[in-house]
Amino acid sequence: MFNMTRRMVLGSAAAAAAFGIAGKLEFAPAAHAETPVEPLVGFYKYKVGSLEVTAVYDGIWRKPHDPAFIKDVSVDDTKAALAKAGLTTEFMPIPLTVVVLQMNGRTIMMDAGSGVGQWQANATHLPANMKAAGIDYKAIDTIMISHFHPDHVWGLMEKGTNDPVFPNAELIVNATEYNWWTDPSRLAKLPEGRKPAGKRIAENFPKWKNWKLVDDGAEVVPGIRLMAAPGHTPGHSVYHVDAGSEQFLVSADTMYVPALLAPHPEWQGAYDQDGPMAIATRHKIIDQVIADNVRICGSHFPFPGTGSFVKDGNAYAFTPTQI
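Note that the UniProt record's numbering has the sequence shown beginning at 1, numbered continuously upward.
I should point out that these hints are in silico values taken from the structure, not numbers from a laboratory.
Everything numeric in this text was worked out from a predicted model, so none of it was measured.
We put the beta carbon where it would ideally sit given N, CA and C, even for glycine.
A few of these clues could be false.
Unchecked claim - Here are the simulated DSSO-like pairs of lysine-lysine, each with C-alpha atoms no more than 27 Å apart in a straight line:
{"#": "1", "residue 1": "K207", "residue 2": "K189"}
{"#": "2", "residue 1": "K199", "residue 2": "K138"}
{"#": "3", "residue 1": "K63", "residue 2": "K79"}
{"#": "4", "residue 1": "K84", "residue 2": "K131"}
{"#": "5", "residue 1": "K71", "residue 2": "K212"}
{"#": "6", "residue 1": "K212", "residue 2": "K63"}
{"#": "7", "residue 1": "K138", "residue 2": "K212"}
{"#": "8", "residue 1": "K189", "residue 2": "K138"}
{"#": "9", "residue 1": "K311", "residue 2": "K284"}
{"#": "10", "residue 1": "K207", "residue 2": "K71"}
{"#": "11", "residue 1": "K159", "residue 2": "K207"}
Said to hold, decoys possible - Simulated DEER-style distance windows between Cβ atoms:
{"#": "12", "residue 1": "D216", "residue 2": "D66", "range": "30 to 36 Å"}
{"#": "13", "residue 1": "G217", "residue 2": "K47", "range": "25 to 31 Å"}
{"#": "14", "residue 1": "W211", "residue 2": "S185", "range": "34 to 40 Å"}
{"#": "15", "residue 1": "A175", "residue 2": "N104", "range": "22 to 28 Å"}
{"#": "16", "residue 1": "E219", "residue 2": "K138", "range": "25 to 31 Å"}
Can you make the complete structure from the sequences, with help from the hints?
Right, dumping it as structure tokens:
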């Protein structure tokens with residue numbers, strides 16, 4: 001899929017044993033060395049080939065534990081997975097990182113964040129952290145949307161007025177996602193819990209003229225291709241970036257909480273609209289990332305939202321990038 005030379009990335013004892021490799025490996029922090037809930041910095045810059053990536057911290061959802069969060073999986077099991085990954089077990093930590101790419105003279109934001117105070121009380125930091133990173137927030141010229149869940153698109157709208165925050169930016173999205181949410185008959189079919197979000201989208205997004213609707217596989221700007229990754233939502237998409245000597249995948253919510261879904265890729269999240277399809281997509285994307293040695297970031301990975309996966313039997317091991 002990505003047409004890359006294969007190279008092994010180490011990250012789990014099981015993976016090393018499978019290939020007969022000895023030596024010191026790096027692991028995710030053990031439970032006794034718990035990762036801080038909030039990062040010490042608000043942005044982090046790194047290079048992928050010729051690409052400059054800035055990870056910008058938006059905030060975190062300190063989600064109360066809920067037995068319905070993962071289908072047929074107990075809170076004790078999710079807590080055990082968090083502890084094994086070195087994360088807090090006091091609540092379900094769901095951080096949100098927005099990635100900005102400097103590429104071919106463009107400033108490209110991948111998703112728009114959750115909007116100041118519009119998603120969670122602890123997710124208000126994006127504009128200030130953009131400024132600290134030296135990014136002119138309102139001058140962003142391209143925004144590539146993965147899907148229309150609030151934590152990814154409420155940042156497109158001003159709180160209260162719903163006016164567009166980026167009226168002059170090109171907004172790129174999978175046509176399937178846009179058409180599904182803006183279908184005039186959709187609102188009546190949504191579960192009650194999703195009706196407020198569906199109503200806000202349907203009443204505002206169709207008014208804007210700066211949408212660019214594209215299909216699976218489209219090269220949306222030179223060097224960046226949209227790839228459909230359905231299941232989480234009907235038109236959920238990832239973006240594959242050709243950065244010259246390396247490749248980069250903005251994976252959005254494909255593997256949204258790696259502490260849970262890397263060792264248990266078969267787990268179905270409550271926010272996966274089509275659970276079995278999300279599972280199939282997860283395997284397809286992560287297997288190819290590993291096979292082709294593609295750098296990957298994810299919206300809800302521990303900040304700075306990037307790391308590496310390896311195969312671990314029928315599952316995966318994830319090593320987050322430490323800063």
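Hints and how they fare:
1. Of the pairs offered as hints, the one joining K207 and K189 holds, with about 22 Å between alpha carbons and a cut-off of 27 Å not exceeded.
2. The hinted pair formed by K199 and K138 meets the criterion: a straight-line CA distance of about 26 Å does not exceed 27 Å.
3. Distance hint between K63 and K79 is fulfilled; the C-alpha atoms sit about 12 Å from each other, no more than 27 Å.
4. Pair hint K84 plus K131 does not hold up; C-alpha atoms about 35 Å apart against a cutoff of 27 Å.
5. With a CA separation close to 35 Å, the supplied pair K71 and K212 exceeds the 27 Å bound.
6. Straight-line distance between C-alpha atoms of K212 and K63 comes to about 33 Å, which puts the hinted pair past the 27 Å bound.
7. Between the alpha carbons of K138 and K212 the distance comes to roughly 19 Å, so the proposed pair stays at or under 27 Å and holds.
8. Between K189 and K138 the alpha-carbon distance is near 35 Å, which puts this suggested pair outside the 27 Å criterion.
9. A hinted pair counts as satisfied when its Cα atoms are at most 27 Å apart, and K311 with K284 qualifies at roughly 12 Å.
10. For the proposed pair K207 and K71, the alpha carbon gap of about 37 Å is over 27 Å, so the pair is violated.
11. Straight-line distance between C-alpha atoms of K159 and K207 comes to about 17 Å, which keeps the hinted pair within the 27 Å bound.
12. A hinted range of 30 to 36 Å holds for the C-beta pair D216 and D66, which are about 33 Å apart.
13. Here the CB-CB span from G217 to K47 is close to 27 Å, well matched to the stated 25 to 31 Å.
14. A hinted range of 34 to 40 Å for the beta carbons of W211 and S185 is inconsistent with their spacing of about 20 Å.
15. At about 24 Å, the beta-carbon gap between A175 and N104 stays in the expected band of 22 to 28 Å.
16. Between E219 and K138 the C-beta distance comes to about 27 Å, which sits within the given range of 25 to 31 Å.
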